[in-house]
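Throw the hints in and build the complete structure from the sequences for me.
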Amino acid sequence: MGRTVLPFSRVLEQEVQEWRKFRRGLRKEDQQFLDRLFEEARLHVQAGVYASRPWPFETILISVLLEHEKALVELRSQIKILEGQKGEGES
Amino acid sequence: MEIRGRLFDLYPLESSMILWIKSEDGRLRRFEDPFRPRFYAQGKKTNLFDLFHSLSAGRRAAGYQWTRKEELWSGDEVEVMEIEIVDSEYYAQLPRILPQWEERITFYNCDIPLPQTYLYEKRIFPTGRCIAEVEGNRIFEIHPDPSESVWIDDEDVPDLRVMELRALNQNGSGRGWRSLVLECEGYRVEMETIDVGEIERFLKHFDPDVILSDDGDASLLPLLFSEEKKWKTSISWDREPYPLKRQIHPKGRSYFSYGRTYYRAPAHLFLGRWHIDRRNSFIYGESGMEGVVELARLAKIPVQRMARTSPGTAITSMQLDQAFQDNILIPWRKGEPERFKTAWDLLVADKGGLVFQPKLGIFEDVAEIDFASMYPTMMAIHNISPETVLCGCCENHRVPEAGYTICEKRKGIVPKTLHPILTRRTWLKKMAKEGDPEKREIYNRKQTALKWMLVTSFGYLGYRNARFGRIEAHEAVTAFGRESLLQAKEICEEEGFELLHAITDSLWIRKKGFREEEILELCQKISEATGITMSLEGIYRWMAFLPSKGNPESPVANRYFGLFQNGKIKARGLSFRRGDMPPLIQEAQVRMIEVLSETKNMEDFQSKIPEILDLLLEYGLKLKDGQTKQEDLAIGKRISQEPNAYKVDSLTALAAQQLEDVGIEIHPGEKVRYVIKDAESKDKAERVKPFPLVGPDDTYDVKKYLEMLVKATEEILIHFGYDMKRLRKELKGFEEPSPPAAGRDSRVRVKRFPFFY
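Sequence order for the protein chains is S and H. The opening residue of the first sequence carries number 2 in my numbering; numbering runs sequentially from there. The opening residue of the second sequence carries number 211 in my numbering; numbering runs sequentially from there.
No wet-lab data here; the hints were simulated from the structure. Hints are not guaranteed to be accurate.
[Claimed, not checked] Computed from the model, here is a short list of chain S residues facing chain H with C-beta under 10 angstroms:
#, residue
1, T5
2, V6
3, P8
4, K22
5, R37
6, E40
7, H45
8, Q47
9, A48
10, S53
11, R54
12, F58
13, G90
Backbone N, C-alpha and C define an ideal beta-carbon position, used for all residues, glycine too.
Here it is in structure tokens:
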């Protein structure tokens, strides 16, 4: 449909390909975590599309950081709850 | 003498246009209207005279005159030479003759189908009421009945006599049939061997206006034509008395579109009679005869031709008509290439719609809201047209992101054409919901046909070869689209809604315990902010977003299913919606979904799981039993290349090759239907068997089909923890551990449900 620039979802796929060698150099148990990072970037593709930044890797990094931040916030609140329960148990 | 009637058919013949008009008393009459095609040339007068003299020396041109018309891109009035061509055949040759002059002269209006030009000029349309001044069979003047219009509801559509032509016992590949059937007015003739004389008698007796066929273009008519040759008898398919040479146009061809190959059978059109092949008409398939006629009227394209062309041709014709009425010259070659852009410009502008990946899972409290005809509405309200975007005369930065200018002085051809279509479609949709119950289906078909025209209007804007295309206009539309979607999202989020999923012009939002009024208010706010009507598609009792087939943790758009409050299911991407899935698997999944149609919420859904597992078992047994009919296991896939061009022997390729081997021709883009016999067989010839070669003794690959069944079940139950592994266990769990006894009589014994014996 008259597209010249690759859609961001395809750009992501290309980036994944470009990190192939790095992936190969990792231990098997570490490779799956690398894959998860790129999957996290996929969750925010539309923001990447809209922002159209010239360096796709920056967009990928910030998407991954975003997901990590979400996980951290979730974990912190879980810990608080658990500590609260533990505290109640002890007192 | 004055004749009043409806225009039934028209086609050019030498220097006339032949018209068939059905007068008010029901009689169909043939008339001739002298009609010489014209085209326009712009350039230095000396060159133009050279051109004219060359054409008239070759007896092609009859005359010329000077006239002033508007140039599309600039909007300026220019002086052009209007050249009259002697007849329709010479007009058709212009695209071959004129290129040698193109360095000195710019040409216009040289490749527009003549029936359309005639209709634009006279302002009449197929099936429309017109008034003609005639003498014998010659028309002196014709114009539309003043009370007639394509925009009103057509009350008294005339009765046309319809004859059906089809073959009985056609199987999936359309080859190998038992008898030919002719039906008209309740009478039916069935013939096992083709009797050309019988067909001619039938045709002459009933003299139908319309012949409706199934695969007439692809197989029936070519067959009958060759029979005519063989027996040296002709059948009077045409009503035209003049011995015109039959032109089979266009020839059949395979074409590639959006990553898929398709095959279009050659068109067999009749003169003075309509031949509509139901299987060779996109628009018929989508919106029935009513849709075909609706588009023929709006686009001013003869009905049988409209049946065979695309919605894109229809919208283009409406744009050409608009240009004609506005006295605008119609460019011959596509004139406006893309403006040079920096890499940054390109990055910013070259995007499509926004797609928010869905959150995976099953949810309650979900509503779906959709923009109505987003892109065409954007084109209409923001005046986006190839000649208005980046016009030379204005300076503003109306287009979001890219900042292109949109003309403030002229209304573009594309928005002008779209406005009334949008209005009519809104009205038709309303009538389809609220109008006379008997006519609701008809209104719905018409609005579907209009929908397709609107959808293609956007695509053509960006199409390199479109007459009225310009990539920056296309980019402008998507920019406004993204802006509108983001505005909608922001308004929803401000009101406390969560965005589950969004795709270009639809949003799925969720908030615990919302009321319907809240959603309607949201829609109102969004409509006001964006200028496009936002409407509530429905509120779901529950909604499930499915992961990608490759990765169960990865979300993907367009794979979901949900139950609306009104009891209707909406599903995308599931097995039962896929045309290549075997009917048995589709049926199994449909029944599973039907089990869910009475549920109130997610808890209810969960309680139905045992019933769904029962269905898995039921169909699993059907497959294992070996009792399933071959047709129910048919997989139908399109081939993308010639059968022998495949490098890898996929199941589909093998099936296609088997057909070729027995002399059944199959083209890229056509579907092959086959049964999987043994997918892993060392002997490739035993892996699949295509229809019609499948025999009653052919066995099938139970394991493979069971996998499909399990996958289909997984689609329904994945969010309750039932993946392929667990479902396979469920299937096995109902079997006796000992192997079944040899022979057909052994039944698989079931532990828990005695009624399955």
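Okay, the hints, checked on the actual structure:
{"no.": "1", "hint": "T5", "result": "holds, 5 angstroms"}
{"no.": "2", "hint": "V6", "result": "holds, 4 angstroms"}
{"no.": "3", "hint": "P8", "result": "holds, 7 angstroms"}
{"no.": "4", "hint": "K22", "result": "violated, 22 angstroms"}
{"no.": "5", "hint": "R37", "result": "holds, 9 angstroms"}
{"no.": "6", "hint": "E40", "result": "holds, 6 angstroms"}
{"no.": "7", "hint": "H45", "result": "holds, 8 angstroms"}
{"no.": "8", "hint": "Q47", "result": "holds, 5 angstroms"}
{"no.": "9", "hint": "A48", "result": "holds, 9 angstroms"}
{"no.": "10", "hint": "S53", "result": "holds, 5 angstroms"}
{"no.": "11", "hint": "R54", "result": "holds, 8 angstroms"}
{"no.": "12", "hint": "F58", "result": "violated, 15 angstroms"}
{"no.": "13", "hint": "G90", "result": "violated, 31 angstroms"}
The structure shown violates the earlier hints numbered 4, 12 and 13.
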